[in-house]
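Peer 1: Residue numbers (this note's numbering), protein chains in the order written: chain E, 1 to 305; chain G, 1 to 381; chain D, 1 to 313.
It should be emphasised that the hints constitute simulated quantities derived from the structure, not laboratory data.
Do not rely on the hints blindly, as some may be mistaken.
For lysine-lysine, the following DSSO-like pairs were computed, each having C-alpha atoms within a straight-line distance of at most 27 Å [claimed, not checked]:
id	chain 1	residue 1	chain 2	residue 2
1	E	LYS83	G	LYS265
2	G	LYS265	E	LYS220
3	E	LYS292	E	LYS277
4	E	LYS236	E	LYS83
5	E	LYS84	E	LYS277
6	G	LYS265	E	LYS84
7	G	LYS265	E	LYS180
8	E	LYS137	E	LYS163
9	E	LYS163	E	LYS186
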Amino acid sequence: MSDLVGATEIPEHEAVLEVDHVTLRFGGVVALDDVSFDVRRGEILGLIGPNGAGKTTCFNAMTGVYRPTSGEVRFDGQRITGKKPHQINRIGIARTFQNIRLFPEMTALENVMVGTDSQHFTSVPGALFGLYRVRAKPEELPRVDGTNGLFRAWQRTRRAFAKVLGRSRRMLEEEAGERKALALLKFVGIADRANELARNLPYGYQRRLEIARALATEPKLLCLDEPAAGFNPAEKEDLLQLIRRIRDLGYTVLLIEHDMRLVMGVTDRIVVLEFGKKIAEGAPAEVRDNPKVIAAYLGVPADAA
Amino acid sequence: MTDTLRRINDVRRQAAGSVGDRWRALPRWQRAIGFLAFVVFLYYLPYLGIPGLIWLRTDTTPQGNDWAGVLFICAVYVLIALGLNIVVGLAGLLDLGYVGFFAIGAYSVALFGSTQSPVVEALQNRFGLSPEWAVAWAICLPIAIMFTMISGVILGWPTLRLRGDYLAIVTLGFGEIIRIVARNSTFTGGPQGIAAIPGPQGAPSADNTIFGLVDAKPWYWLALSVILVVVIGVRRLENSRVGRAWLAIREDEDAAAVMGVPGFKFKLWAFAMGAAIGGLSGFLFASRNAFIDPTQFNVNLSILFVAMVVVGGAGNMAGVALGAFLLAYLPERFREFSDYRTLAFGVALVLIMLLRPQGLIPSRRRARELHDRAEEVPANV
Amino acid sequence: MNFAELIGHLGQHTVDGLSKGAIYALVALGYTLVYGVLKLINFAHSEVFMIGTFAVVGAWTLMGATDNPPFGTMILLLVGGLIAGVAASGATAVAVERIAYRRLRRMNAPPLIFLITAIGVSLVLSETFGLWQGRLVKGMPNVLPRKVVFTIGNTTIDNRQLLTVVAALVMMFALDQFINRTRYGRGVRAVAQSPDTAALMGVNKDRVIVLIFLLGGLLAGAAALLYNVRYGNTRFNVGFLLGLKAFTAAVLGGIGNLRGALLGGLLLGVVEVYAATLTSSAWEDVAAFVVLVVVLLFRPTGLLGESLGRARA
Chain E
1 MSDLVGATEI PEHEAVLEVD HVTLRFGGVV ALDDVSFDVR RGEILGLIGP
51 NGAGKTTCFN AMTGVYRPTS GEVRFDGQRI TGKKPHQINR IGIARTFQNI
101 RLFPEMTALE NVMVGTDSQH FTSVPGALFG LYRVRAKPEE LPRVDGTNGL
151 FRAWQRTRRA FAKVLGRSRR MLEEEAGERK ALALLKFVGI ADRANELARN
201 LPYGYQRRLE IARALATEPK LLCLDEPAAG FNPAEKEDLL QLIRRIRDLG
251 YTVLLIEHDM RLVMGVTDRI VVLEFGKKIA EGAPAEVRDN PKVIAAYLGV
301 PADAA
Chain G
1 MTDTLRRIND VRRQAAGSVG DRWRALPRWQ RAIGFLAFVV FLYYLPYLGI
51 PGLIWLRTDT TPQGNDWAGV LFICAVYVLI ALGLNIVVGL AGLLDLGYVG
101 FFAIGAYSVA LFGSTQSPVV EALQNRFGLS PEWAVAWAIC LPIAIMFTMI
151 SGVILGWPTL RLRGDYLAIV TLGFGEIIRI VARNSTFTGG PQGIAAIPGP
201 QGAPSADNTI FGLVDAKPWY WLALSVILVV VIGVRRLENS RVGRAWLAIR
251 EDEDAAAVMG VPGFKFKLWA FAMGAAIGGL SGFLFASRNA FIDPTQFNVN
301 LSILFVAMVV VGGAGNMAGV ALGAFLLAYL PERFREFSDY RTLAFGVALV
351 LIMLLRPQGL IPSRRRAREL HDRAEEVPAN V
Chain D
1 MNFAELIGHL GQHTVDGLSK GAIYALVALG YTLVYGVLKL INFAHSEVFM
51 IGTFAVVGAW TLMGATDNPP FGTMILLLVG GLIAGVAASG ATAVAVERIA
101 YRRLRRMNAP PLIFLITAIG VSLVLSETFG LWQGRLVKGM PNVLPRKVVF
151 TIGNTTIDNR QLLTVVAALV MMFALDQFIN RTRYGRGVRA VAQSPDTAAL
201 MGVNKDRVIV LIFLLGGLLA GAAALLYNVR YGNTRFNVGF LLGLKAFTAA
251 VLGGIGNLRG ALLGGLLLGV VEVYAATLTS SAWEDVAAFV VLVVVLLFRP
301 TGLLGESLGR ARA
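The whole structure should be built from the sequences, with the hints applied where relevant.
Peer 2: Here's what the structure looks like:
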């Protein structure tokens, strides 16, 4: 985790993401209605609201999956509305999905490596012809350690070739990617099952794998969509610690969550949506006591109707 | 009846499955030696004289074709399967018009390398060259690859955003358009086709001692060598960012995009690579036959190609190579039943799809994928 | 390009195209029905049509048909042929569904597998007929000799063209009514929109699917009769090209859209005739493929767009 993001000299409280009067209409349905809020650098912002409020839709609008009907989304001051999802990822936003969208038939390691790939450059000609070669460091050369004389001769030829030709960018990126992926798996705590198919992993592992994969794309802003859904309290506590560790490394986190204790416990600020509109914004304590928020979740009390 | 067949299939699968696992469990150097031995055996095949295996040769029956010639066709088909495997197996795109790329590769060497081609004759007249002049055979290869890749990009650019089955139909249409244009245009030689296509030793003539018209062995060895190079290349692609991207796109393209994978770019590359390999095999095919005509590139061939890949086991090279070999070899071996060839092919397709849709040698991914899909079916379907 | 010929006889060529296209439309309906509900390109549908043509010929042989029969016999022959064609095609369509596709649906097979299976079934059917009936063109008696019925300017409309277009329109209307007005038709639309919900509402999905295949088969059988009347011959592989063109017509009109199939068929017939007039008959088949590619590139939802699920099919 040595390549810190957000490690440049930037004043506190500057907005890393600005959602600016975004409206999103699907035919007759208004999913997002003039929503505006900022995500400040280095904070953990919670996005909450009752079911159907538009939280995931908001994520989708931010990451390029949906295109806002009007309004703008800006990242680091740069306009990102209308850009394609993979471009937005390169610019610095990564996300997880509410209903887990891992690559089921790939291993955990391979899933994360798809993330690390986004920072690499090998393409078809480079991979095919082994282009962009780099001189090999002594410890990277193939070893000569066989017992069989014939085998040693073969190893020596391979070593000679590697010395002369160096190593291709493809190989270097593969090794670097694997190292980084393993480090990330360790960071989220699932390295013991790195070579298992994502489909076969336990639920908790799958959720954490998604986070690892998202982190692999080296984002500045990490968007988590209900990362604790289906967790028991102990798992939620672990997740809370993980999110704090992620923030401490310099990432900004935007979090959709239903569990109020988790949200109150980990976020710096909260934005509340209801029926596609923002109805409250502020520190957790303020939002918790906000009557509009209470009404949105619990309904208006019968005698006040 | 399908149940008995399924039970037989299960028994066979259990027996064969352990073979695959035991192979993978062997230490790497032993697998390398095994593979090397297999390759040597392949080069030896035209001389096949091992008692007990001689019946494999196609020239044992009176109508049988020249054995080395059949091997050459098998090699060409295997090459096609490897190329189509990238498109269908790795990237998951339904391409029913692959014969188009095969044709473009063949016509590239025909139109530029043959002294009888209208294109060459036009160039001769334009630049005052001798009537014996044509583009050198070796230069025709990059020309073929260039044309096929360009056509792959041209075809792919507007169509790759289409839904799966639509893509299949568009590519089918593309293949047919290529054939009809070849048949109706003058610059392609029209329905008569083009003859005098050169080989590595130049225009076809009795002086060609190695790459002649009669002995197919050098042609087979040439094709086999090309296959080995392609296999190495594809393996490199698979074990790189590119291969992973193709897999991710096939599994969940939208999630891949959100993870930074430029889906369109890689799909286009898959198309282009597949097209290039298809063109390469067309190039070899035309060079050996020294003559091509439009009837050789019909839609049935496209379907055969897709069948090779799917029946063999889409997504893994060993599987599709086996599929290609069988579909090229079996009709030749059992020539006396040629009337029933297409019928048998259709029956085989249906049976295999119903009983073993993952193919003969499935990629483990594919087998699991299909198995998982079957389990997802809701109860009331 | 022979514009003079086209403009000079525009009416005639249009009429020719429309009657040609009506046959495409009837076959296209089969493709569009199946695709609209199952999202499956039923490659075997072309052979369903082909089998219909052979059934019609068989019926005529059985009934002792000869060239230019008297009016009463002619009606009998047409009706008998229709029944035979419709029965054979319908039965084939349903059989294909039961034997091949149903199992694939149970396995929740991916589209590629469906496609290959459909192609396999198509090959099996066409090859079986090729081996049984021979590879040569099969002639048949001229049951409805061509007779000009109307003349408008320099355009003639003959009895076959009239029969074809009228029959297609009538059947289209009947199908439309069936889908939009009857209980079974509601079931079809429900399954097309949302199979699981429909099942939860008590619709028997399997039965609806059999119904769809049956309908497609019936229409193909009718198309087979009209084809025999117009062209007077058939072949074991007649289905391939015609099926591909009919599918193009379905895509052109909007796959899954019944009226689109009709419109697409008629339009494709006209485009083909125009193209052949402008260039030469050798390029006629290309017209269909070019149309297919162009439509899929620029307007993949087709001219009329909407799918079977919506009320206005």
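Peer 1: Would the hint linking E:LYS84 and E:LYS277 be met if the CA-CA limit is 27 Å?
Peer 2: Answer holds: E:LYS84 to E:LYS277 is near 25 Å, not above 27 Å.
Peer 1: Hinted pair, alpha-carbon criterion (27 Å max): G:LYS265, E:LYS180. Please report holds or violated.
Peer 2: Given that 27 Å is the threshold and the Cα spacing comes to 25 Å, the pair holds.
Peer 1: Does G:LYS265 pair with E:LYS84 here, judged by a C-alpha cut-off of 27 Å?
Peer 2: 13 Å, holds
Peer 1: Regarding the pair E:LYS137 and E:LYS163, is the alpha-carbon distance no greater than 27 Å?
Peer 2: 9 Å, holds
Peer 1: Taking only the CA atoms, is the gap from E:LYS83 to G:LYS265 under or equal to 27 Å?
Peer 2: 15 Å, holds
Peer 1: Is E:LYS163 within 27 Å of E:LYS186, Cα to Cα?
Peer 2: Distance of about 33 Å is beyond 27 Å: violated.
Peer 1: If you draw a straight line from the CA of E:LYS236 to the CA of E:LYS83, is it 27 Å or shorter?
Peer 2: 34 Å, violated
Peer 1: Can the restraint linking G:LYS265 and E:LYS220 be considered satisfied, given a maximum Cα separation of 27 Å?
Peer 2: 25 Å, holds
Peer 1: Is it true that the CA of E:LYS292 sits at most 27 Å from the CA of E:LYS277?
Peer 2: OK: E:LYS292 and E:LYS277 at ~12 Å, within 27 Å.
Of the numbered hints stated above, those contradicted by the structure are hints 4, 9, listed in ascending order.
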